[in-house]
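Sequential numbering of the sequence shown, starting at 68, is according to my numbering.
Be a bit skeptical, because a hint or two may be false.
[Said to hold, decoys possible] In silico DSS-like cross-links for lysine-lysine, where the CA-CA straight-line distance does not exceed 27 Å:
#1 K290 x K83
#2 K170 x K92
#3 K92 x K340
#4 K92 x K347
#5 K83 x K165
#6 K347 x K282
#7 K282 x K83
#8 K290 x K340
#9 K92 x K290
#10 K277 x K92
It should be emphasised that the hints constitute simulated quantities derived from the structure, not laboratory data. Predicted model, so just to flag it, every value in this text is computed and none were measured.
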Amino acid sequence: MPNSRIIGTGSYIPEKVLTNLDLEKMVETSDAWIVERTGIRERHVAADGEAASDMAAAASRRALEMAGVRPEDLDVIIVGTISADMPMPSAAVLLQQKLGASKAFAFDLSAACAGSIYGMGIADSFIATGRVRRALVVGVEVLTRILDWTDRNTCVLFGDAAGAMVLAPSDGPSGILSTHLHSDGAGAPALYIPAGGSARPTTEATVREKLHYVKMNGREVYKIAVRSLTAVLGEAFATNRVTPDDVSHVIAHQANLRILESVLQRYAIPMSKCWVNLDKVGNTSSASLPMTLDQANRAGRLSRGDLIAMMAIGAGMAWGGALVRW
């Protein structure tokens with residue numbers, strides 16, 4: 068079966084910047100406190116009226132242009148998001164319409180910060196079966212609209228962005244070597260939104276009690292993330308019979324600088340191999356991995372034949388890893 072390769076990348080970051088100094092005026096926190104615990108200095112906020120599908124379209128057009136693929140040639144559009152325009156229809160079908168990708172079937176998936184690596188794995192499987200030849204995978208979040216701006220444990224972390232990847236069958240040794248996807252529902256209480264679903268439908272009380280915003284146990288998320296991402300990278304290395312020394316670059320979901328440092332330290336992979344942007348954009352959830360890939364790609368950091376390790380973890384808990392030969 069053919070493997071797939073990434074032939075185009077794109078990203079979009081809103082213009083409005085919210086700095087740590089801005090947050091000092093909004094909630095009981097400080098620049099020093101945020102930087103020490105997360106590595107984040109600023110994040111971006113979507114403009115009024117700017118929805119997830121709008122940002123996804125901007126990132127997708129850039130990825131399609133790089134790939135030399137017309138929207139009408141896409142076979143599938145997969146969007147990872149937990150902050151779609153509306154509960155239904157999916158952000159993916161709204162994106163399909165905005166791009167004019169009339170041939171593609173389109174759907175959303177909900178794996179929070181792991182959404183893009185889940186989407187990449189699914190698209191890779193579609194291509195392997197021959198069902199799909201051109202796939203668009205997008206991660207997009209407008210998380211600033213589902214945050215409690217009085218909760219310093221969450222509101223300082225997240226930002227808005229979109230990232231996109233175009234996948235096609237590989238014509239050589241380059242491509243996605245393997246993806247490894249996992250989940251564990253026992254970790255659900257560590258990161259979740261309590262209300263707004265069938266378990267706790269929206270009521271005046273749930274709105275008043277701010278139950279429609281992100282809730283997080285940061286210490287628990289940190290422990291699960293380090294343990295799970297370390298394991299999934301090991302799984303990817305073993306599957307492909309490579310060593311950490313073989314890795315040219317690490318492209319990771321950026322939730323917290325300490326998580327990245329802890330995982331890479333366990334494999335003696337220097338941080339210089341990891342493209343880091345969370346100081347400028349914060350945690351952008353499903354957008355993080357493809358946006359980071361696009362930035363490294365457009366900066367000329369990635370060369371043909373480079374071995375790229377990818378990893379991401381999000382609410383669920385859901386996580387994944389991958390090895391890609393560029």
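Results for each hint:
1. Restraint check for K290 and K83: not satisfied, since their Cα atoms lie roughly 32 Å apart, outside the 27 Å limit.
2. Of the pairs offered as hints, the one joining K170 and K92 is violated, with about 49 Å between alpha carbons and a cut-off of 27 Å exceeded.
3. Between K92 and K340 the CA atoms are separated by roughly 36 Å; this puts the pair beyond 27 Å, and the hint is violated.
4. Pair hint K92 plus K347 holds up; C-alpha atoms about 19 Å apart against a cutoff of 27 Å.
5. As the CA atoms of K83 and K165 are separated by approximately 23 Å, the hinted pair is consistent with the 27 Å bound.
6. A threshold of 27 Å between alpha carbons decides the hint, and for K347 with K282 the separation of about 23 Å falls inside it, so the pair holds.
7. Only pairs whose Cα atoms come within 27 Å are accepted, and K282 paired with K83 is accepted, the gap being roughly 24 Å.
8. Only pairs whose Cα atoms come within 27 Å are accepted, and K290 paired with K340 is accepted, the gap being roughly 23 Å.
9. Using a Cα cut-off of 27 Å, the hinted pair K92 and K290 is violated, with the two alpha carbons roughly 31 Å apart.
10. Annotation: proposed proximity of K277 to K92 holds, straight-line Cα distance about 21 Å (limit 27 Å).
Figure legend: structure checked against the earlier numbered hints; hints not met, in rising order: 1, 2, 3 and 9.
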